[in-house]
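Student: Given these sequences and hints, build the entire structure.
Each protein sequence line maps, in turn, to chains A and B. Heads up, the first sequence is in my numbering, so the first residue is 1 and it goes up one at a time. Heads up, the second sequence is in my numbering, so the first residue is 1001 and it goes up one at a time.
These aren't lab readings, by the way, just hints derived from the structure by calculation. Computed from a predicted structure; not experimentally measured. C-beta atoms are modelled at their ideal positions from N, C-alpha and C, and glycine is treated no differently. Please note: incorrect hints may appear among the correct ones.
With a cut-off of at most 27 Å between alpha-carbon atoms, the simulated BS3-like pairs for lysine-lysine come out as follows [what the hints assert, rightly or not]: (1) B:K1447 / B:K1183; (2) B:K1183 / B:K1115; (3) A:K143 / B:K1447; (4) A:K143 / A:K180; (5) A:K143 / B:K1183; (6) A:K180 / A:K160.
Every beta carbon over 10 Å from chain A, so not counted as near; a handful from chain B, in silico [what the hints assert, rightly or not]: (7) A1024; (8) S1081; (9) D1104; (10) A1136; (11) A1171; (12) P1377; (13) D1378; (14) V1405; (15) P1489.
Negatives, chain A to chain B, calculated, CB over 10 Å [as the list claims (entries may be wrong)]: (16) D6; (17) A27; (18) T31; (19) G45; (20) D62; (21) Y94; (22) D158; (23) L168; (24) E221; (25) T244; (26) V246.
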Amino acid sequence: MHSPVDRPIALALRGLSKRYERPAVDALDLTVYASEFYTLLGPNGAGKTTTLRMVAGLLRPDAGSIHIDGIDALADPVAAKQITAWLSDEPMIYDKLTPFEYLEFVAGLWRIEPGVAETRARELLGWLGLAPHAHERCEGFSKGTRQKVALAGALVHDPKLIILDEPLTGLDAGSARQVKNVLLERVRAGGTVIMTTHILEVAERMADRIGVIAGGRLIAEGTLDELRRQTGKGASSLEDTFLTLVAEQAA
Amino acid sequence: MNSPATLSWLAGHEMRLGWRDWVALMTAGHRHRARTVAIALVVFAVFMHFFAYWIVAGYADAMLASDTATLVGVTGTLILSWSLLLSQAMEAVTRTFYARADLDLILSSPVSARKVFAVRMARIAGASVMIAVLLAAPFINVLALRGGARWLDAYGVVAAMGAVATAAALALTVALFRTVGAKRTRLIAQIVAAVIGAAFVIGLQIAAIFSSGNISRFTALQSQWMLAHAPDASSAFWWPAHAVLGDARALMAVVAFSFALLVIAIALFSGRFGEHALAAAGVSSTVVRQRRWSAAFRRRSPPRVLRQKEWTLLARDPWLISQTLMQILYLLPPALLLWVTFRHGDSYVVLIPVVVMAAGQLAGGLAWLSISGEDAPDLVASAPIPTGRILQAKIEAVLGMIALVFAPIVAVLALDALFAGLVAALGIMAAAAAATLIQLCFRTQAKRSQFRRRQTSSRIATFAEAFSSIAWAGSAALAAGETWHALFPALVALAILGGVWLISPKS
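Tutor: Written out as structure tokens, the structure reads:
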């Protein structure tokens, strides 16, 4: 396995700041490398979602810079969005469209060649177990199925950077495994994933590196072993490590 | 003491929920606006009393032993108002059936579901009666002020109308459930409610158009044919009218009959209410397979993809179509007037503003759906398309739908009188564009399912939309009359747009 620093940078945040009534993200510096599965952890209100929404172009930062695959996302948002996908915990799909139509709509927004997009859509529908429901309207789908449709939408335009905010919330074990497998497959194929989650077991098993954010700042970063060393708790679980890091920051 | 799970305890719970719903509706969820809303309601009530004075003050001397013409006039007005109440009540009953809300809690609790739903039906009836009384109050007060306290009996008739409307709405909705099933009832009930609400007004207007070539509904009520075919003055059919005119015996009979009907309806239907509500809740998990003309992905530009999506979503949502149906239904009388005018070659001054007004109102609704009612805002915002281009595509989708609806009317007009057709086309475009721009200025993030409540989220947008449409309609009417005074209402409409832009939230 290559060391992260050998790889090109997929996402670089420098001095990123966003303030509402208090700072939500405070001069955040973060680097995610290509083909990396990066997990962002943090307590509620730490600034994880705000950070990711700024990266996805859904929020304008007050200060700082965002570079996605070398593209200045604030100066050229359209080019940055072309290679980025965003998926939130609440699947945002259209009840009156079928998964097939939804994917055609997304492919149209990203200007993907119809032939290429259709092949990819059929593959994704198959991988995610959605093929039998491809021509049924989404209105009757369970949350898990809706989330899988939304994930297929995020992947149909073959993004280089996939940003996911709590994508496994509310999924059953089978659906969660399907989603995790698809994401790992994307990373193996050269894609980069940055994901927030409250399910520490997922971060422990899937992430190449983990960033811990609190108070809008990155308080720790590294592989699971590096984080353990940082807290001085050699064989502890990620949960213990995470809680120690957050408690240290709060103190 | 109000023991838990008793009828009075449940009624208290329902009243509290009803009150909070009403406050939220009035204040658009901002409790700090309560004082402003209270002041606005008082101002509105005063205005309505002046308006009522202008309309009904001349009828205050109508006597108990009235002639058939008076009885026909009063009864016609009562039926007109009742049809609107029935429409509202059907809407409320359907909403109660399909709102999942606390259904699981109610049905899993040890309280009798029949009891709970009986109270819920009574709440709907209470709301209907209250709406009826509030709407009628200015008119009754003015009549009582001018013609004496006997007019206060009309309050009883209005309350009775609310009770009968709820009983009829319950019967109609349950009948729909049993005949067409839970899946189709919501749509059909919405359409029936819209048609009932508009049918009587439109029917009278159509009758008036055919009989005398004008659009006033009172022309048909006072026609010789109507008076000749009306029941005898001693018929029980006129009891509500007699009650309104101050006959105490008629009033007691009408009130007793109406509330007895309501109690019977509640007793009959409350037992099956939970069953129907459960069936309605299951509708969302039914599978709808969609056929496609083409099995392959099609090559389309992002703006075209966005426009197509808007049209597809609207075409597949009969509930939303039924919500906008009223505005289209009201186009029927103008269209008929157009036909009559076409035959006689009269002026279009009456017709054009109605069409322009309808275009503005319809465009406002469609623009809200397209711009604010985006169910996947993050997806669209994260797509590699400039924001301006996204909005442009959505505006094009709205104007495309307006063109589709109004092009036939404009075409018929233009065939008869090119200038009138041109004025109508320009008026429609201006009113639709202005309503769309107002919605753009006050855009929010909402679910399409919240369409019914869109007017409460921004009252400024609602009023601006209405006044803008009225101004463009006025301008079109004057332009059709070939006077340069048409510029004045057009300038007012532009000023409204300017004002909207100035006070709209800037992101």
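Student: Now tell me, hint by hint, if it's right for this structure.
Tutor: Going down the list of hints, with the structure as the test:
1. B:K1447 / B:K1183: 21 Å, holds
2. B:K1183 / B:K1115: 26 Å, holds
3. A:K143 / B:K1447: Holds - the C-alpha atoms of K1447 (chain B) and K143 (chain A) are around 17 Å apart, at most 27 Å.
4. A:K143 / A:K180: 16 Å, holds
5. A:K143 / B:K1183: Measuring from Cα to Cα gives roughly 21 Å; hence the hint holds.
6. A:K180 / A:K160: 17 Å, holds
7. A1024: A1024 (chain B) clear of chain A: closest Cβ-Cβ about 23 Å, beyond 10 Å.
8. S1081: 36 Å, holds
9. D1104: Holds: least Cβ distance 16 Å, greater than 10 Å.
10. A1136: At roughly 40 Å from the nearest Cβ of chain A, A1136 (chain B) sits farther out than 10 Å, so the non-interface label holds.
11. A1171: 29 Å, holds
12. P1377: Per Cβ check, P1377 (chain B) is inside 10 Å of chain A; nearest 7 Å; violated.
13. D1378: Its Cβ does come within 10 Å of chain A, the nearest being 5 Å, so this is violated.
14. V1405: 20 Å, holds
15. P1489: Given that every Cβ of chain A is farther than 10 Å from that of P1489 (chain B), nearest at about 39 Å, it holds.
16. D6: 29 Å, holds
17. A27: At about 24 Å from chain B, A27 (chain A) clears the 10 Å cut-off, so the statement holds.
18. T31: 22 Å, holds
19. G45: 20 Å, holds
20. D62: Holds, because the least Cβ-Cβ distance between D62 (chain A) and chain B comes to about 14 Å, which exceeds 10 Å.
21. Y94: 5 Å, violated
22. D158: 13 Å, holds
23. L168: 18 Å, holds
24. E221: Fine: 25 Å to the nearest Cβ keeps E221 (chain A) off the interface.
25. T244: 34 Å, holds
26. V246: At roughly 28 Å from the nearest Cβ of chain B, V246 (chain A) sits farther out than 10 Å, so the non-interface label holds.
In this structure, the earlier hints numbered 12, 13, 21 are contradicted, and the remaining ones agree with it.
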